[in-house]
Amino acid sequence: MMKTITIDPITRLEGHGKISIFLDAQGDVVNAYLQIPELRGFERFCQGRRAEDMPQITSRICGVCPVAHHFASTKALDNAFNVDPPSAAKKLRELMYCGYIIYDHILHFYYLGGPDFVVGPDAPPAKRNILGVIEKAGLEIGKEVIKHRAYGQKITGILGGKATHPVCGLPGGVSKGLNKDEVKDIETMTKSCIEFAKFSLKLFDDIVLENKDYVDLILSDPYTLKTYNMGLVDKNNKVNFYDGKIRVTDQKGKEHIKFNPQEYYKKIAEHVEEWSYIKFTYLKDIGWNGFNDGKDSGIYRVGPLGRLNAAEGMATPLADKEYKRFFETLGGKAVNSTLAFHWARLIELLYSTERAMELIKDPEIISTKIRNPVGEPGEGIGVVEAARGTLIHHYKLDKNGLVDKVNLIVATTNNAGAINMSVRDAAKGIIKKGKVNDGLLNMVEMAFRAYDPCFACATHTLPGGMPLEIDIYDKNKKSYKRIRQNL
Amino acid sequence: MKTVVLGVGNPILCDDGVGIHVAKQLKQYINDPDVIIDEALTGGMNLLDQLLGYDKAILIDAVRAKNANHGEVKRFSLNDISSVHSCNPHDVSLVEALKMAEKLGENRIPREIIIIGILLKEMSCEFGEQLSSKIAAAVPKAVDMTLSELEK
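Chain order of the listed sequences is C and Z.
When we follow this note's numbering, the leftmost residue of the first sequence carries the number 1, and every step to the right adds one.
When we follow this note's numbering, the leftmost residue of the second sequence carries the number 1, and every step to the right adds one.
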């Protein structure tokens, strides 16, 4: 079903990933670019709207991670209205956030990233999906996956008012508390989720870590990138999804900088490339040094691996144990193996379940003091860790509390520089002397799938599937080969 | 027989949200306790959750097709297509979600799933709540087609 189409800016905007690979005279890879479509006009869309509507509006940007946008936005409003929510409200928000991480990480590991490992990277594409996972792992496990993903969703729904697009976040607190029955429900589900998270880590052990081929693949050069790492940490430098300071560590895991989220614009800058609609963020003090890793390049990574590297542990006991084992097994800090994102994700899943249990058992969780009065409107910045990395919302409100300026830096933008390099390196590992085999698509896909990227979120296509196009060009930049799927 | 009618799409992404516009209009015409009309701002697994427990499901959604007659409204059966609505690396398609549910013995899957598709040749990537004129003109057609589907 290969057919040629003209590549113009419109097709690039239609909501699919497009990869261009450039070869030299010997037919080896010089460079590769991943182009991600960007939705435009968001700031204009928001201008003049009531600030309180922003948590609902921004949660509609994405059909997959509405909770992260909802709370980055709510926290930006706390900041803009100069109000500190009561401690019970913060706990309710964080508990809901745990529910989101639980379902999101389960979805990614079992449905999207997992098939590469559980079914195998060389398996035919038709098998490399959740059905293949179930076939291999068994129906009972499939049922557990469905059940616990739904539990995460239900916890979010109970707290958020709606399962997918929450309506609970308000500047200064939340609109809804918990009653005793709901607490009981959440506790029962959370208990089961802890066991499931432990099971998932065991599964990763048995299937991946026991298999030398997989471990070699994880540690192989094409999947290694020595960038800086970024993530939110609590006061003990432990991973935190909901709040804290932004910490950046270097290639050896040493603290490079740590700052208040409100100072992000002093620390992070954006680089523009003419071929990309997405800007590339980098550390201001290090500077932009092209698509290179190492100490002199300001590119950093966020998301599960970025967070684990940027912290000094997990704040809950079982997850902390796994955290230590992770670094011991993979050769100490920092772990620079892109495919280790998957393992890191499971450790975070365990953390979220344990943290949810701590929160639901906290007597304050049924408090009715869940909102503080707001102050005068101004400027506000809110940061959370979305499942796929640091998410920043920055608003300027006018004196009537209407939105004037909006700046969002989403997780995939933070990772964009690194994703590009990972795609390039995976391509380099596969294409030699102009020989391109059909395994290319999956090896390249594995490289960026590890980051769990979020492209343009709502564009509909029939037939769907993950649309991807790889164009390979020879030394004269003439089209050499094209591989397409779901287009 | 219980039927769910779901407008699918993103209401802040212009024509992408056409399904939601249709669902909103339908609410004026339907007053039947056995027909639930709702909005789905999501795909894949979450969309599946919204279908379970009904005998029949009608999804109203924007359908992008390269050679389409822009603004045409067409009825599809789920069997006509291999994969629905997961133009996003972080989700599975509805078809995949359904296959998995079947495999795991889910017994609440609707016996019939129909798609009322509003065909789009291209999709704007701009934020906005308004439909373009051609797609707005398709809304009444999609409403009629859904109503006659409900009479079947």
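No wet-lab data here; the hints were simulated from the structure.
Errors might be hidden in some of the hints.
The list that follows gives simulated cross-link-like pairs (lysine-lysine, DSS-like), each with its CA atoms no further than 25 Å apart [claimed, not checked]:
1) C:Lys-127 - Z:Lys-121
2) C:Lys-198 - C:Lys-18
3) C:Lys-162 - Z:Lys-24
4) Z:Lys-121 - C:Lys-18
5) Z:Lys-103 - C:Lys-127
6) Z:Lys-24 - C:Lys-143
7) C:Lys-162 - Z:Lys-152
Keep in mind that this is a model prediction, so the values were computed, not measured.
Okay, the hints, checked on the actual structure:
no.	hint	verdict
1	C:Lys-127 - Z:Lys-121	violated, 31 Å
2	C:Lys-198 - C:Lys-18	violated, 37 Å
3	C:Lys-162 - Z:Lys-24	holds, 19 Å
4	Z:Lys-121 - C:Lys-18	holds, 19 Å
5	Z:Lys-103 - C:Lys-127	holds, 14 Å
6	Z:Lys-24 - C:Lys-143	violated, 35 Å
7	C:Lys-162 - Z:Lys-152	violated, 32 Å
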